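J.: Sequence:
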Amino acid sequence: MPNHALPDEDLLKRLADTLYQQGYLALPDALPPPLIRTLQNRIQALDNAAFHPAGIGREQDYRHLKRVRSDRIHWLDSHDPATRSYFDWMEALRLGLNRTLFLGLFDYECHFAWYPQGARYQTHLDAFRGNNNRRLSTVLYLNPDWQTGDGGELVIHAPLPEQAVRLPGLATPSATPELLRIQPLNATLVLFLSEVFPHEVLPAHKPRYSITGWFRVNTSSTRQADPPA
Numbered sequence: 001m002p003n004h005a006l007p008d009e010d011l012l013k014r015l016a017d018t019l020y021q022q023g024y025l026a027l028p029d030a031l032p033p034p035l036i037r038t039l040q041n042r043i044q045a046l047d048n049a050a051f052h053p054a055g056i057g058r059e060q061d062y063r064h065l066k067r068v069r070s071d072r073i074h075w076l077d078s079h080d081p082a083t084r085s086y087f088d089w090m091e092a093l094r095l096g097l098n099r100t101l102f103l104g105l106f107d108y109e110c111h112f113a114w115y116p117q118g119a120r121y122q123t124h125l126d127a128f129r130g131n132n133n134r135r136l137s138t139v140l141y142l143n144p145d146w147q148t149g150d151g152g153e154l155v156i157h158a159p160l161p162e163q164a165v166r167l168p169g170l171a172t173p174s175a176t177p178e179l180l181r182i183q184p185l186n187a188t189l190v191l192f193l194s195e196v197f198p199h200e201v202l203p204a205h206k207p208r209y210s211i212t213g214w215f216r217v218n219t220s221s222t223r224q225a226d227p228p229a
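Counting from 1, position 170 in the sequence shown corresponds to residue 170 in the numbering used here; the numbering is continuous, with no gaps.
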């Protein structure tokens, strides 16, 4: 795979400053066009059978609830030559944010997400009850022909009150005000604090593609690192 450009110091500073000020951001045309095209080619080359129904929760809480979440996913491997440069870009982002914001980001996991026509994901948090090692969520959109009216917007809501019950990946018990509504336009990068901001994906009116990922912190109290989610 070609050696695509990594984020420069100016971009890393802008991302860090915005995250520090508000905890979320959406940046159009964030990654180099050759890298975006490589990722688009990779996701389009996958057979539909390579995508599996996405679930909610973890371990004993894990289950499939299509009424809550109806997208399909394909986990990515950092050793795959087709996606290696994307992981390199995210590693540069991890190091830059740790250097500036002292977030303690430890590693990164991600998957392709395919929302067939009509698919959605109800309001939820990315950090699960009793296990908050997901610190920063990322979304990169891979939709070259997306138009206004195609649906599939990501809606970021205001944080829940501290006393609110936070369920493991399920819809939150009550809505909070909308902070930002983001169209899934090609090459747009979204970052937000996983434990803080409830969010949802509105129904897509045509197939919608992205890479969804999380930077994690190591919450282990021993010398053994946390296992992958």
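It should be emphasised that the hints constitute simulated quantities derived from the structure, not laboratory data. Keep in mind that this is a model prediction, so the values were computed, not measured. Incorrect hints may have been included.
DEER-style ranges, computed between Cβ atoms [what the hints assert, rightly or not]:
1) Val-217 <-> Gln-147: 21 to 29 angstroms
2) Glu-109 <-> Gly-149: 17 to 25 angstroms
3) Pro-81 <-> Gln-21: 34 to 42 angstroms
4) Glu-109 <-> Leu-46: 14 to 22 angstroms
5) His-205 <-> Gln-40: 16 to 24 angstroms
6) Ala-5 <-> Pro-177: 31 to 39 angstroms
7) Glu-109 <-> Pro-207: 20 to 28 angstroms
8) Asn-98 <-> Pro-33: 38 to 46 angstroms
9) Asn-218 <-> Arg-181: 32 to 40 angstroms
10) Glu-109 <-> Pro-34: 33 to 41 angstroms
Quick list of in silico lysine to aspartate or glutamate cross-link-like pairs, DMTMM-like style, CA-CA up to 25 angstroms [said to hold, decoys possible]:
11) Lys-206 <-> Asp-47
12) Lys-206 <-> Asp-29
13) Lys-206 <-> Asp-145
14) Lys-13 <-> Asp-145
15) Lys-13 <-> Glu-195
16) Lys-13 <-> Asp-80
17) Lys-13 <-> Asp-47
18) Lys-13 <-> Asp-150
19) Lys-206 <-> Glu-195
20) Lys-206 <-> Glu-178
21) Lys-13 <-> Glu-91
22) Lys-206 <-> Glu-153
For every residue, glycine included, the Cβ atom is placed at its ideal position computed from N, Cα and C.
J.: A separate judgement is required for each hint: does it hold in the structure or not?
T.: A quick look at each hint next to the structure:
1. Between Val-217 and Gln-147 the C-beta distance comes to about 38 angstroms, which lies outside the given range of 21 to 29 angstroms.
2. Taken as a hint, the range 17 to 25 angstroms is violated for the pair Glu-109 and Gly-149, whose Cβ atoms sit roughly 33 angstroms apart.
3. At roughly 37 angstroms, the beta carbons of Pro-81 and Gln-21 sit within the given window of 34 to 42 angstroms.
4. Here the CB-CB span from Glu-109 to Leu-46 is close to 18 angstroms, well matched to the stated 14 to 22 angstroms.
5. For His-205 and Gln-40, the Cβ-Cβ distance of about 20 angstroms falls inside the hinted range of 16 to 24 angstroms, so the restraint holds.
6. Our hint of 31 to 39 angstroms for Ala-5 and Pro-177 holds, since their Cβ atoms are close to 37 angstroms apart.
7. Between Glu-109 and Pro-207 the Cβ separation comes to about 23 angstroms, which falls inside the hinted range of 20 to 28 angstroms.
8. As the Cβ distance of Asn-98 to Pro-33 is approximately 27 angstroms, the hint placing it in 38 to 46 angstroms is violated.
9. Distance hint check: the CB atoms of Asn-218 and Arg-181 are about 33 angstroms apart, consistent with the given range 32 to 40 angstroms.
10. With their beta carbons about 24 angstroms apart, Glu-109 and Pro-34 fall outside the hinted range of 33 to 41 angstroms.
11. Proposed proximity of Lys-206 and Asp-47 is supported: the alpha carbons are some 17 angstroms apart, at most 25 angstroms.
12. Of the pairs offered as hints, the one joining Lys-206 and Asp-29 holds, with about 22 angstroms between alpha carbons and a cut-off of 25 angstroms not exceeded.
13. The suggested pairing of Lys-206 with Asp-145 holds, with an alpha-carbon distance near 11 angstroms, which does not exceed 25 angstroms.
14. Proximity of Lys-13 to Asp-145 is assessed by CA-CA distance (about 30 angstroms); at most 25 angstroms being required, the pair is judged violated.
15. For the hint linking Lys-13 to Glu-195, the alpha-carbon distance of about 22 angstroms falls within 25 angstroms, and the restraint holds.
16. For the suggested pair Lys-13 and Asp-80, the alpha carbons sit about 29 angstroms apart, so the restraint of at most 25 angstroms is broken.
17. The hinted pair formed by Lys-13 and Asp-47 fails the criterion: a straight-line CA distance of about 38 angstroms is larger than 25 angstroms.
18. Pair hint Lys-13 plus Asp-150 does not hold up; C-alpha atoms about 33 angstroms apart against a cutoff of 25 angstroms.
19. Taking the CA atoms of Lys-206 and Glu-195, the gap is near 30 angstroms; set against the 25 angstroms cutoff, the hint is violated.
20. A hinted pair counts as satisfied when its Cα atoms are at most 25 angstroms apart, and Lys-206 with Glu-178 qualifies at roughly 24 angstroms.
21. Restraint check for Lys-13 and Glu-91: the C-alpha separation of about 15 angstroms stays at or below 25 angstroms, so the hint holds.
22. Our distance criterion of 25 angstroms between C-alpha atoms is met by Lys-206 and Glu-153, whose separation comes to about 12 angstroms.
In this structure, the earlier hints numbered 1, 2, 8, 10, 14, 16, 17, 18 and 19 are contradicted, and the remaining ones agree with it.
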